[in-house]
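Number of protein chains: 2
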Amino acid sequence: MTTLIKNAVIITMDDEKPVIKGDIGITDDIIAFVGKSKDFTPERTINANGNIVMPGLVNSHTHSPMTLLRCYADDLNLQDWLFNKIMPVEDTFTQEDIYWGSLLGCWEMISGGITAFADMYFLNKKTAQAAVESGMRANICRALQCFDETTANFEKDERMREALELYNMYNGAGEGRITVEMSAHAVYTNTPEYLMFVAQTTDRLGAGMHVHISETRRENEECIKKYGMTPTALFKSCGFFNTRTNAAHCVYLSDEDINIFKEYKISIANNPTSNLKLASGIAPTGRYIREGINVALGTDGAASNNNLNMFEEIHLAALLQKGVNENPEEVTAYEALKMASTNGAKALGIEKCGILKKGCRADLIIIDTDKPHLTPYYNPVSAVAYSAQAADVDSVMVAGKFLMEKREVKTLDTEKIKHYAKKKGGAINAACGC
Amino acid sequence: MTTLIKNAVIITMDDEKPVIKGDIGITDDIIAFVGKSKDFTPERTINANGNIVMPGLVNSHTHSPMTLLRCYADDLNLQDWLFNKIMPVEDTFTQEDIYWGSLLGCWEMISGGITAFADMYFLNKKTAQAAVESGMRANICRALQCFDETTANFEKDERMREALELYNMYNGAGEGRITVEMSAHAVYTNTPEYLMFVAQTTDRLGAGMHVHISETRRENEECIKKYGMTPTALFKSCGFFNTRTNAAHCVYLSDEDINIFKEYKISIANNPTSNLKLASGIAPTGRYIREGINVALGTDGAASNNNLNMFEEIHLAALLQKGVNENPEEVTAYEALKMASTNGAKALGIEKCGILKKGCRADLIIIDTDKPHLTPYYNPVSAVAYSAQAADVDSVMVAGKFLMEKREVKTLDTEKIKHYAKKKGGAINAACGC
Chain A
92 MTTLIKNAVI ITMDDEKPVI KGDIGITDDI IAFVGKSKDF TPERTINANG NIVMPGLVNS
152 HTHSPMTLLR CYADDLNLQD WLFNKIMPVE DTFTQEDIYW GSLLGCWEMI SGGITAFADM
212 YFLNKKTAQA AVESGMRANI CRALQCFDET TANFEKDERM REALELYNMY NGAGEGRITV
272 EMSAHAVYTN TPEYLMFVAQ TTDRLGAGMH VHISETRREN EECIKKYGMT PTALFKSCGF
332 FNTRTNAAHC VYLSDEDINI FKEYKISIAN NPTSNLKLAS GIAPTGRYIR EGINVALGTD
392 GAASNNNLNM FEEIHLAALL QKGVNENPEE VTAYEALKMA STNGAKALGI EKCGILKKGC
452 RADLIIIDTD KPHLTPYYNP VSAVAYSAQA ADVDSVMVAG KFLMEKREVK TLDTEKIKHY
512 AKKKGGAINA ACGC
Chain B
92 MTTLIKNAVI ITMDDEKPVI KGDIGITDDI IAFVGKSKDF TPERTINANG NIVMPGLVNS
152 HTHSPMTLLR CYADDLNLQD WLFNKIMPVE DTFTQEDIYW GSLLGCWEMI SGGITAFADM
212 YFLNKKTAQA AVESGMRANI CRALQCFDET TANFEKDERM REALELYNMY NGAGEGRITV
272 EMSAHAVYTN TPEYLMFVAQ TTDRLGAGMH VHISETRREN EECIKKYGMT PTALFKSCGF
332 FNTRTNAAHC VYLSDEDINI FKEYKISIAN NPTSNLKLAS GIAPTGRYIR EGINVALGTD
392 GAASNNNLNM FEEIHLAALL QKGVNENPEE VTAYEALKMA STNGAKALGI EKCGILKKGC
452 RADLIIIDTD KPHLTPYYNP VSAVAYSAQA ADVDSVMVAG KFLMEKREVK TLDTEKIKHY
512 AKKKGGAINA ACGC
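Chains A and B, in that order, give the protein sequences.
Residues 92 to 525 (my numbering) make up the first sequence, in order.
Residues 92 to 525 (my numbering) make up the second sequence, in order.
Some hints could be false.
[Unchecked claim] Reference listing, derived: stretches of chain A covered by chain B, where coverage requires no fewer than 3 residues with Cβ under 8 Å from a Cβ of chain B: (1) 196-209; (2) 367-379; (3) 510-516.
[Unchecked claim] Straight-line Cα separation of at most 27 Å, DSSO-like style, residue types lysine-lysine; simulated pairs: (4) 513(A) to 97(B); (5) 176(B) to 108(A); (6) 515(B) to 112(A); (7) 353(A) to 316(A); (8) 515(B) to 97(A); (9) 513(B) to 497(B); (10) 97(B) to 497(A); (11) 507(B) to 112(A).
[Stated by the list, open to error] Across the chosen pairs, the derived CB separations fall in these ranges: (12) 174(B) to 109(A): 21 to 31 Å; (13) 521(A) to 517(B): 28 to 38 Å; (14) 378(A) to 97(B): 47 to 57 Å; (15) 521(B) to 138(A): 23 to 33 Å; (16) 185(A) to 97(B): 32 to 42 Å; (17) 186(A) to 450(B): 44 to 54 Å; (18) 417(A) to 522(B): 25 to 35 Å.
If you're looking for bench data, these hints aren't it; they were derived computationally from the structure.
Don't be surprised by glycine CBs; every beta carbon is placed ideally from N, CA and C.
Let the sequences and hints guide you as you build the complete structure.
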C-alpha cells in the first residue's frame, strides 16, 4: 500500500531540516520520502490542506487502566493518594476492568495524537490485548512489588509469574508493535533482595526496564535513611541498568545519580502534570537535557493528571522550566516537541521512529490548523508547543495505517468502551459512597 | 424570553451548594431558578443531556489584538520580547488591524467558554466595537504610557485623548455589556508626574483601573532603584487605587504591597502561562488567596501564551501552586474554577455574575462530557479543572443569549475573520523576512 499525504507543513523533528513544506510518501509502514517526489505513484492520496504533519506523540509513562479512576481522588499528596485512595480500589480491579480501562486509555490517546505508549500496571495481558486491537505501539510491563522480606522462593512469586507470562505471550505481538518490558515498581515498594532477582531475570531475558525513580523528596529521604543511598544508587547496586531503561519522574536526582544516568544511557520519562498535581515537585529537565540525558515526556496515569493529553505535557515541558529557572530558553518549543516524539521513541527503544524522514516508520499525526487559536501562526513548532489542543489532532497513523481519520477512531468501538467505563465508574462511586 | 436548560450537572460556584443536578431557568438575561421549578414555562428548552453547566469564564487580563502576533516571537524574556520584537510590529497596527485582531480574540474566547474579558491595548474603540458585535462582556482600556518627562500639558496627550474618547463613546455600550476603564500600562512605561495625572483623571471619572504590577524581578528592582519604592507603593504614592483596580501579574509583591492590596481591595489578575513563558516567574497565588485578596485569572495576550485558553490557565492555577509549594491543597480545583469565574467577575466589577444562582446574570457555558478524557468522572469540579479542554465547550450564553450553540459561533463571521488574520499574518511575515 502506498499513501501520499500532500500539501503539508511538515515538522520533521530532523534537526537538519526541522520544517519542510511539501508532501510525504509512505510505502506500507515506512516513509518513502519527505518533501517532493516525481516518481511516487500513490494508491491513496490525502490532502493535508496546509495542515501540520508531525511524528506521532509518544507517551513514555502511563498506567492506562487508571482512566477508570479519573477524578476519583484529587488534591492529595502521592503517599496519601496512592496508599489510602487509589490502591484500595485497584485491588478490586478484574481482568475485564483492565481490558476496558486500557481501551479507554487507547481511545483517549489516539484522539490526542499519541501513537505509542509505555504502560506499567498489573493484570496487563489485557492491556496488551487492548493495545494490539487499537493498532497503537505499546511497551507494556507488569509492575513488580515485593513487601515481604521473608519470601524464600521468588520464582513462585505471583507477580513475577504474571510478568513472565505477559512477556512470553505478548513480546513482539501485533506485528511487532508490542514490546514487553520488565518493571520494578519503585524502591519503596520492593526489597533489595527482590530487586536483585528482578535485575537478574531482566538481564536473562534481555528485556527493557521501566521503573519509577526519585518521584518525591520523601522517597529519596527514606531510601537514604534505610539503605544509605539514593534510589538510583540502590537500583544500580542491585544490578539494574544493564538493559535499556526508562525511568519515570526523576524529580530529585543527585549529581551522582545524573552520572549514573549518563553512564548507563538511562532515559527519563518526565511527567510534569502528575508531579505538580501530587505536589511532588518540578524535575530540572533543562539541566538533564544539557547533561545529554534522553528526556522523554509522559502523562502518568489519568488518576494523577487527570487526562492522557500529551499537548498539555508539551506546553508544561516548555513553559515550566522557563518560569522556574527564569530563563526563557531553558527548554525551547522545539526541545519540548522532541521530548514528546523523538526522545519518547528512543526511551521506548522503537528504532527509526519519532522523526519524519525517508526510511523511518510511518507513525505520524495531522494537526488541523483551521482553528481560531492557530490563526495566524508564524512558526509551526511554536504553534504546536504553545497554542494547539489535543482536540486539534485530525488524523493519526501508525505503521502506515490510519487509526483515526478526520477525528473518527477506526480501530475501536468507542460506544462500547464508554458504556463499560461509565458502568464501572458508577460501581466504584456506589462502593465508596461518593 | 424564557429559556430552560434541563438535565444538567450544574457547577454553581455558590459555596453553599457548589454542585446541583437539575435544571436552570432563565428569564431574559437573569437566572430565574437553579435546581427544580414546577411553575416555570419556558419558550425554549435545551436538553443538557447530563453535561456540565457552569458560569462563563472571565479572562481578567488580555490584549486581544495580539492574536495577530500569535507565535511571532517565542522563547525570549519580557524586555527583549516586548521592546525588540513585539512593539516594532505593534507600531504598524492600524484601526482595521485592531478591529479584526479583536474579533479573532473574541472568536477564540467564545469558542473556549469565555463570556467576559478585560482588555488593555490601544486604538481600542475598535476592540469595543468588536466586543459589542460579539455579544461578550468586556472591560476595555487604553494603556497609557508616557516616556517624556518634559510633557508640560498632559491634557493634550494623544493617548489620554484616545482613552477619554473611548470612555465617552463606549462606557455602558452594548446594553451595558461594555465597561471602559482607565489604565496606566506600568511603572516602567510612565513617569510619576504622568501617573498622578492618570490617577486624578480616573478619580474624576469614577472609572475602574487596569494596570500591570510587579510582573518581573527587574521591574521591581529598577523601580526601587529609581524611586526608592516598589511599583505598588509608587502607584499608591501617585494617588492610585481609589477606584476598583485590577492589577495584572503581581508575581513579586512584598509584604507591604500585600497590605496595600488588602487595604484598597485591589484584585489580582494572575497569568500563569504568560509568566512562565516570558520567564517572569510564578506568582504565589495560594498565599494571596489565603491573605483574602481577590485573585482572578487571565491569559494575557496571545503573543506571550500563545492562546486565549482559560482551561489551560485553570489547569495551571491548580497545578503550579501544588508543585512549587509541595502542598497538594495549596490551590484546589474548586479555587481554580473560582479564580476563572466568580473572582474574575468581581475583578471586572460585573455584579451578580460568575455564579449560577437565582437573580444572577445568565452568563454560562455548557461543557460536553461525552469525551474519552471526561469518561468516567467522579467529580465535575475536578473534571473541569484537570481533564477538560477548551474544545469541550459546547455552548456559550451571555445575558441570556447564546453566542455559541453546539460549537457554532452565532455572532461572528468567522470566515471573514480568518481571511483578514491570515492576510495580516502574511504581511507581517513578509515584512520581517520570517
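Structure-based check of each hint:
1. Coverage of the region 196-209 of chain A by chain B holds in this model, with 4 residues showing a Cβ closer than 8 Å to a Cβ of that chain against a need of three.
2. Given as covered by chain B, the region 367-379 of chain A passes the check, having 7 residues with a CB less than 8 Å from a CB of that chain where 3 are the minimum.
3. Counting residues of the region 510-516 of chain A whose beta carbon lies closer than 8 Å to any beta carbon of chain B gives 4, which reaches the threshold of three, so the coverage claim holds.
4. Restraint check for residue 513(A) and residue 97(B): satisfied, since their Cα atoms lie roughly 21 Å apart, inside the 27 Å limit.
5. For the proposed pair residue 176(B) and residue 108(A), the alpha carbon gap of about 25 Å is at most 27 Å, so the pair holds.
6. At roughly 21 Å between alpha-carbon atoms, residue 515(B) and residue 112(A) fall within 27 Å of each other, so this suggested pair holds.
7. Among the hinted pairs, residue 353(A) with residue 316(A) is consistent with the structure: their alpha-carbon atoms are about 25 Å apart, no more than 27 Å.
8. For the hint pairing residue 515(B) with residue 97(A), the CA-to-CA distance comes to about 26 Å; that is within 27 Å, so the pair holds.
9. Proposed proximity of residue 513(B) and residue 497(B) is supported: the alpha carbons are some 26 Å apart, at most 27 Å.
10. Restraint check for residue 97(B) and residue 497(A): the C-alpha separation of about 31 Å exceeds 27 Å, so the hint is violated.
11. Of the pairs offered as hints, the one joining residue 507(B) and residue 112(A) holds, with about 25 Å between alpha carbons and a cut-off of 27 Å not exceeded.
12. Residue 174(B) and residue 109(A) have their C-beta atoms about 28 Å apart, which keeps the hinted 21 to 31 Å range intact.
13. Restraint check, residue 521(A) to residue 517(B): a C-beta distance of roughly 57 Å breaks the suggested window 28 to 38 Å.
14. Hint check: residue 378(A) to residue 97(B), Cβ distance near 54 Å, so the stated range 47 to 57 Å holds.
15. A hinted range of 23 to 33 Å holds for the C-beta pair residue 521(B) and residue 138(A), which are about 26 Å apart.
16. Separation of residue 185(A) from residue 97(B) is about 36 Å and conforms to the stated range, judged on CB atoms against 32 to 42 Å.
17. Checked against the hint of 44 to 54 Å, the pair residue 186(A) and residue 450(B) passes, with Cβ atoms roughly 53 Å apart.
18. The beta-carbon spacing between residue 417(A) and residue 522(B), approximately 31 Å, falls within the hinted interval of 25 to 35 Å.
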